[in-house]
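Please put together the full structure from these sequences, using the hints given.
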Amino acid sequence: MRQIGLLIATLTLATLAPLWAQEGKDEKAAPGAVVQAQPQPQPARGDVLAPANLATRLNLTEEQRARIDGLWKQYNDRSEQIRRDTSLTAEQRIVRLRQAREEYVRLIRTVLNEEQLKKFEALLEEQSPALGSLADMRLSPEQMEKIREIVQRYNKIRQQITQDASLTPDQRARRLQEVNEQMMQEIRNALPKNLQERWDKARQRDQQQQQQGEKKEEKKENPPQNP
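Count along the sequence shown from 1, then add 1; that gives the number in this note's numbering.
Calculated lysine to any residue pairs in the SDA-like style (CA-CA distance at most 20 angstroms, straight line):
| hint | residue 1 | residue 2 |
| --- | --- | --- |
| 1 | Lys157 | Thr57 |
| 2 | Lys194 | Ile151 |
| 3 | Lys74 | Leu108 |
| 4 | Lys157 | Asn54 |
| 5 | Lys74 | Leu113 |
| 6 | Lys74 | Asp86 |
| 7 | Lys120 | Val106 |
| 8 | Lys119 | Arg68 |
| 9 | Lys120 | Arg159 |
| 10 | Lys120 | Arg173 |
| 11 | Lys147 | Arg159 |
| 12 | Lys119 | Val49 |
| 13 | Lys120 | Gln172 |
| 14 | Lys74 | Tyr105 |
| 15 | Lys202 | Ala191 |
| 16 | Lys147 | Leu196 |
| 17 | Lys120 | Pro170 |
| 18 | Lys74 | Arg107 |
| 19 | Lys120 | Arg107 |
| 20 | Lys157 | Glu182 |
| 21 | Lys157 | Val180 |
| 22 | Lys120 | Ile162 |
| 23 | Lys157 | Met145 |
| 24 | Lys194 | Arg149 |
| 25 | Lys120 | Leu72 |
| 26 | Lys120 | Glu104 |
| 27 | Lys147 | Ala91 |
| 28 | Lys120 | Leu177 |
| 29 | Lys194 | Gln205 |
| 30 | Lys202 | Asn181 |
| 31 | Lys157 | Arg175 |
| 32 | Lys74 | Thr111 |
| 33 | Lys147 | Asn190 |
| 34 | Lys157 | Glu179 |
| 35 | Lys194 | Ser141 |
| 36 | Lys119 | Pro170 |
| 37 | Lys147 | Met185 |
| 38 | Lys202 | Glu187 |
| 39 | Lys157 | Arg173 |
| 40 | Lys157 | Pro170 |
Hints were generated in silico from the structure; no laboratory data involved.
Printed below as a string of structure tokens:
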């Protein structure tokens with residue numbers, strides 16, 4: 002199931018990275034042994050991988066937060082270099098940004114303990130699955146901009162749901178799933194018809210992989226009984 006997290010939308014990254022970088026500067030950890038977890042609100046905008054969000058969701062120590070702040074800065078600096086590189090085509094830029102993100106994810110894992118790793122993988126899996134397949138499609142600038150707008154709009158909706166203290170965990174999970182499905186359908190509708198079939202196949206593959214992962218997890222939790 003870890004693969005799903007690595008397919009997080011690079012298009013979102015390209016659009017919102019400047020905001021994430023600012024967020025990282027504005028929300029430093031307060032003095033103390035541990036950065037407090039809930040009920041602190043999630044960042045009002047930004048990436049699930051932003052240090053402020055990870056500190057809240059994973060209950061990072063000060064040392065962990067400092068290390069991830071450093072990784073975040075390196076990641077954003079690298080992403081900015083890629084975005085400014087005029088020698089790259091749009092497709093090359095997307096691939097490079099995705100690679101930078103995957104490297105950041107890999108390095109985050111080295112900072113976390115076992116319990117935090119489980120929570121981190123769950124965070125990655127909250128992201129929309131098939132978005133990674135967009136990197137392999139030859140989209141026009143207009144189409145890419147349309148998809149960016151869709152993703153940004155739904156990111157705000159997801160953030161509102163995450164911050165809604167009136168929802169139970171189950172209600173929140175259902176609402177997030179519903180919103181993700183709505184976003185996926187809007188993205189599909191924004192694609193030309195010749196790419197909609199590829200999008201459907203990519204989503205189907207991701208769903209199959211997720212189901213396989215869930216079955217593996219179920220077997221781990223419920224091992225067969227010896228007669």
